[in-house]
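Given chain P, put chain V in place with the hints provided.
Number of protein chains: 2
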Amino acid sequence: MLEPIELSREESESLLRLGVVGRVAVTTPDGPYIVPVNYSVVDDAVVLRTTPYSVLGRHGRDAVVAFEVDQLDQDQHHGWSVLARGRAEAVTDPEELERIESSCPPQPWASGNRPLFLRIAWTEVTGRKLGRGWDPKAEMPYQRRLDT
Amino acid sequence: MLEPIELSREESESLLRLGVVGRVAVTTPDGPYIVPVNYSVVDDAVVLRTTPYSVLGRHGRDAVVAFEVDQLDQDQHHGWSVLARGRAEAVTDPEELERIESSCPPQPWASGNRPLFLRIAWTEVTGRKLGRGWDPKAEMPYQRRLDT
Numbered sequence: 028m029l030e031p032i033e034l035s036r037e038e039s040e041s042l043l044r045l046g047v048v049g050r051v052a053v054t055t056p057d058g059p060y061i062v063p064v065n066y067s068v069v070d071d072a073v074v075l076r077t078t079p080y081s082v083l084g085r086h087g088r089d090a091v092v093a094f095e096v097d098q099l100d101q102d103q104h105h106g107w108s109v110l111a112r113g114r115a116e117a118v119t120d121p122e123e124l125e126r127i128e129s130s131c132p133p134q135p136w137a138s139g140n141r142p143l144f145l146r147i148a149w150t151e152v153t154g155r156k157l158g159r160g161w162d163p164k165a166e167m168p169y170q171r172r173l174d175t
Numbered sequence: 028m029l030e031p032i033e034l035s036r037e038e039s040e041s042l043l044r045l046g047v048v049g050r051v052a053v054t055t056p057d058g059p060y061i062v063p064v065n066y067s068v069v070d071d072a073v074v075l076r077t078t079p080y081s082v083l084g085r086h087g088r089d090a091v092v093a094f095e096v097d098q099l100d101q102d103q104h105h106g107w108s109v110l111a112r113g114r115a116e117a118v119t120d121p122e123e124l125e126r127i128e129s130s131c132p133p134q135p136w137a138s139g140n141r142p143l144f145l146r147i148a149w150t151e152v153t154g155r156k157l158g159r160g161w162d163p164k165a166e167m168p169y170q171r172r173l174d175t
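Heads up: the sequence lines are chains P and V, in that order. Note that our numbering has the first sequence beginning at 28, numbered continuously upward. Note that our numbering has the second sequence beginning at 28, numbered continuously upward.
Hints are computed from structural coordinates only; laboratory data are not their basis. This structure is a prediction, so every number in the text was calculated from the model and none was measured. It is possible that some hints are incorrect.
Since the list can't tell identical chains apart, any single copy or any two copies may satisfy a pair.
Below 20 Å or equal to it, Euclidean Cα-Cα: the simulated EDC-like pairs (lysine to aspartate or glutamate) are [unchecked claim]: (1) Lys164 x Glu128; (2) Lys164 x Glu125; (3) Lys164 x Asp102; (4) Lys164 x Asp100; (5) Lys164 x Glu122; (6) Lys164 x Glu116.
If we strip away everything but chain P, and leave its shape as in the complex, we get (with noise of 0.2 Å):
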């Protein structure tokens, strides 16, 4: 079994930025709810799209909720998570919206309006690793391109 070691808060939000896939939790009165999405980061903020009635869109906004991305590797007992917590809000603004769209918007592979742009600013950010000696980053099989 492989000791698991905390990641700096840099190493966390970098992975953070190169994802595609987490998951949100979100508490709603009857328990917690997870809900996979696909999302992006635009500054220092999760961003993803959903409507306005889902569980996500109900309980989801205007509320702190969690964010997790993780890589599991089930053949070699092997990962690495990131978990970023924070308000959730809706994004309502025209030019945060625009800024959003031109910049790295998240890209649902799920058919359907989405019309509700809720952004997770983050005030804190863990992630931890299984064993020693590796570089999560370079393992990581899909990475969000950044442009620079």
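What follows is chain V alone, placed relative to chain P:
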């Protein structure tokens, strides 16, 4: 983009039983957390191991939690996810612990002592896949071996 399709309860439970890693969401006084874990399924409950002083041990005991498994193919934008929800309780009964140990104990990948067994007896299981005409179970790269 692919159409999201609801999985039946039977299909969802079947995927849940075959998985090895998932993610638990717990509610804490300062918002939700997501913790990746190894797990197993014994009867109609997800079983996992943790420490009493972890986020999971402190907030995922005697509380409703959400447990998620998924497989998201970032290359093909293809995937499925299953969400189980229910009350998590510590397993303290020696006979039940014995039964878990002898049937299908969860196998943590990370080193460290995890004396607390949590049991999530699900009351709700839902699942979705993207796109018609394929069987998520047939495409699972790793499956728990189910002894018959």
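Against the structure, the hints come out as follows:
no.: 1; hint: Lys164 x Glu128; verdict: neither (26 Å within a copy, 36 Å between copies)
no.: 2; hint: Lys164 x Glu125; verdict: neither (30 Å within a copy, 40 Å between copies)
no.: 3; hint: Lys164 x Asp102; verdict: both (18 Å within a copy, 17 Å between copies)
no.: 4; hint: Lys164 x Asp100; verdict: both (14 Å within a copy, 18 Å between copies)
no.: 5; hint: Lys164 x Glu122; verdict: neither (32 Å within a copy, 44 Å between copies)
no.: 6; hint: Lys164 x Glu116; verdict: neither (29 Å within a copy, 36 Å between copies)
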